[in-house]
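Enquirer: The primary structure of each chain is shown beneath.
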Amino acid sequence: MSVGFTRFWERSKDQWYLAAAIVLSFLFMALDQTGPVLFLKKEIGSLARTGQMIFSWGPKVLELRRENQRLLIKAGKLSLLESQYREALLENRRLRKLLGLKKRDEFDFIPAEVVGIKTTGIPGMVYLNVGWKDGCKKNMVLMTEKGVVGKIVSVSKSTSVGELLTSPNSRISAKVERCRVLGIVRWLYGNVCILEGVPRSSDVRTGDLIITSGYSQIYPSGLTIGRVFKVTQTGRDLFQKVLLRTEVDFGTLEELLVLKKLPRVQEKE
Amino acid sequence: MLIYITVFITLFLIVVVQSALVPFIDVKGIAPDLILIFIVYWSCPRGRRQGVVWGFLGGILQDLALGTTAGIFALSKSLACYLAFSFSWNCQRNDTLLMSIVLFVAAFVHQIVYFIFTSTKSAAGFLTLFLRYGFPSIFYTVFLGIFIYGFVEWLGKRKEAK
Chain A
1 MSVGFTRFWE RSKDQWYLAA AIVLSFLFMA LDQTGPVLFL KKEIGSLART
51 GQMIFSWGPK VLELRRENQR LLIKAGKLSL LESQYREALL ENRRLRKLLG
101 LKKRDEFDFI PAEVVGIKTT GIPGMVYLNV GWKDGCKKNM VLMTEKGVVG
151 KIVSVSKSTS VGELLTSPNS RISAKVERCR VLGIVRWLYG NVCILEGVPR
201 SSDVRTGDLI ITSGYSQIYP SGLTIGRVFK VTQTGRDLFQ KVLLRTEVDF
251 GTLEELLVLK KLPRVQEKE
Chain B
1 MLIYITVFIT LFLIVVVQSA LVPFIDVKGI APDLILIFIV YWSCPRGRRQ
51 GVVWGFLGGI LQDLALGTTA GIFALSKSLA CYLAFSFSWN CQRNDTLLMS
101 IVLFVAAFVH QIVYFIFTST KSAAGFLTLF LRYGFPSIFY TVFLGIFIYG
151 FVEWLGKRKE AK
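As they're listed, the protein sequences go chains A and B. Quick note on the working numbering: the first sequence kicks off at 1 and runs consecutively. Quick note on the working numbering: the second sequence kicks off at 1 and runs consecutively.
Because the hints were derived from the structure by calculation, they are not lab data. No residue lacks a Cβ here, since even glycine has one placed at the ideal position from N, Cα and C. Don't take each hint at face value.
Only pairs whose alpha carbons sit at most 20 Å apart, straight line, appear in this in silico EDC-like list of lysine to aspartate or glutamate [as the list claims (entries may be wrong)]:
hint : chain 1 : residue 1 : chain 2 : residue 2
1    : B       : K28       : A       : D249
2    : B       : K28       : A       : E254
3    : B       : K28       : A       : E196
4    : B       : K28       : A       : E255
5    : B       : K121      : A       : E196
6    : B       : K121      : A       : E10
7    : A       : K146      : A       : D32
Label pairs and their computed distance ranges (CB to CB) [unchecked claim]:
hint : chain 1 : residue 1 : chain 2 : residue 2 : range
8    : A       : E196      : B       : I5        : 47 to 57 Å
9    : A       : G235      : B       : G47       : 52 to 62 Å
10   : B       : P45       : A       : K138      : 43 to 53 Å
11   : B       : E153      : A       : G4        : 39 to 49 Å
12   : A       : D108      : B       : I3        : 47 to 57 Å
13   : B       : D26       : A       : K77       : 27 to 37 Å
14   : A       : K77       : B       : I9        : 44 to 54 Å
15   : A       : G58       : B       : T120      : 51 to 61 Å
16   : A       : G235      : B       : P45       : 54 to 64 Å
17   : A       : L31       : B       : I25       : 44 to 54 Å
18   : B       : S86       : A       : G207      : 48 to 58 Å
19   : B       : K28       : A       : K42       : 43 to 53 Å
20   : A       : A30       : B       : I3        : 24 to 34 Å
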């Protein structure tokens with residue numbers, strides 16, 4: 001009996017190893033959001049992020065000169081816009097006060113550098129050089145000047161992991177800026193997303209801007225997501241198929257802004 | 001034992017390089033899989049069992065370090081190595097052609113398993129994602145693998161000649 005078993009074990013050792021690997025993999029999948037796996041992810045992840053910061057330092061230095069020139073031009077354009085917006089903001093505050101509307105949330109930005117991107121499979125994750133010591137928290141929104149990029153899903157002392165809009169897990173409550181129709185934005189491929197749940201009768205057109213709806217605990221309202229490039233209605237479907245292209249180019253992310261909600265303060269009389 | 005610890009540390013460094021430096025050589029989100037290139041290079045001459053073990057370890061390191069759903073890369077890489085190494089009985093490191101064929105099979109199985117799992121959460125189907133990301137990535141991985149294996153083979157020959 002034992003000789004037979006030993007022979008069987010010896011003959012099928014490779015298969016036993018594979019079976020063990022499969023069982024362990026499924027076990028990890030099942031326990032993905034539980035304490036021990038999260039602990040491992042946090043510890044190994046923060047060690048990897050330190051390595052990423054070291055490795056990405058060289059190419060980043062080479063990029064600095066070009067980036068500096070780009071930022072100078074941008075700063076010039078923004079200072080022009082700022083003066084126009086300041087006037088509009090003051091006017092908006094006066095009118096809101098006149099109408100008795102509740103004061104909106106105000107935000108600050110934490111600038112972050114991308115030290116790594118998930119490149120195997122679907123590129124839906126970024127690794128940042130800011131952590132809780134810089135004020136980052138889980139579920140804070142990531143964006144560039146062009147619009148929403150994603151959200152933070154994990155934070156350590158000096159690094160954090162961001163889940164991009166291009167992740168299969170990502171869903172954002174959104175609305176069409178022009179006609180205020182609501183839907184859910186999900187990633188399809190490349191920089192193409194789909195706005196799901198748009199009723200057939202809605203007046204969504206090519207070129208419409210899609211923004212965050214604000215009906216979410218994470219994303220505040222009015223952040224740009226993308227622009228509609230195709231609207232189709234098929235058969236007796238209750239919903240339209242609305243395809244949009246994100247404004248952000250996810251292939252060239254280098255710096256991001258982490259949106260930090262400021263505590264509400266009483267407006268001065 | 002020391003050699004295994006060295007391989008494990010090398011694997012971890014490659015996982016870091018994969019996310020820190022490979023974005024600079026990716027083409028529209030398509031990137032080569034350095035981890036698989038290394039695992040095939042290390043385990044192929046040692047057989048299927050080593051392939052499964054290193055495939056699993058490389059995959060789980062990748063899962064945990066990158067913060068993706070734990071187990072997906074581990075499963076796809078161990079399955080990929082098991083199936084790919086089943087066809088290569090006399091795999092030698094100085095046989096770049098055979099190593100590249102094994103790498104192709106491993107990359108193909110890896111991408112299929114990976115996209116079967118990830119496409120369940122995506123609005124796009126398996127075929128869209130596989131053809132858009134998986135298929136080009138297989139060729140990029142094999143293309144880079146041929147260069148790396150060829151270079152290592154050339155280095156070995158030079159060393160022997162000396």
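Enquirer: Each hint should be assessed against the structure and marked as holding or not.
Expert: Cross-check of the supplied hints:
no.	hint	result
1	K28(B) x D249(A)	holds, 10 Å
2	K28(B) x E254(A)	holds, 15 Å
3	K28(B) x E196(A)	violated, 25 Å
4	K28(B) x E255(A)	holds, 18 Å
5	K121(B) x E196(A)	holds, 15 Å
6	K121(B) x E10(A)	violated, 40 Å
7	K146(A) x D32(A)	violated, 33 Å
8	E196(A) x I5(B): 47 to 57 Å	holds, 49 Å
9	G235(A) x G47(B): 52 to 62 Å	holds, 54 Å
10	P45(B) x K138(A): 43 to 53 Å	holds, 45 Å
11	E153(B) x G4(A): 39 to 49 Å	holds, 44 Å
12	D108(A) x I3(B): 47 to 57 Å	holds, 51 Å
13	D26(B) x K77(A): 27 to 37 Å	holds, 30 Å
14	K77(A) x I9(B): 44 to 54 Å	holds, 48 Å
15	G58(A) x T120(B): 51 to 61 Å	violated, 38 Å
16	G235(A) x P45(B): 54 to 64 Å	holds, 57 Å
17	L31(A) x I25(B): 44 to 54 Å	violated, 34 Å
18	S86(B) x G207(A): 48 to 58 Å	holds, 53 Å
19	K28(B) x K42(A): 43 to 53 Å	violated, 31 Å
20	A30(A) x I3(B): 24 to 34 Å	holds, 33 Å
Hints 3, 6, 7, 15, 17 and 19 from the list above are not met by this structure, while the remaining hints are.
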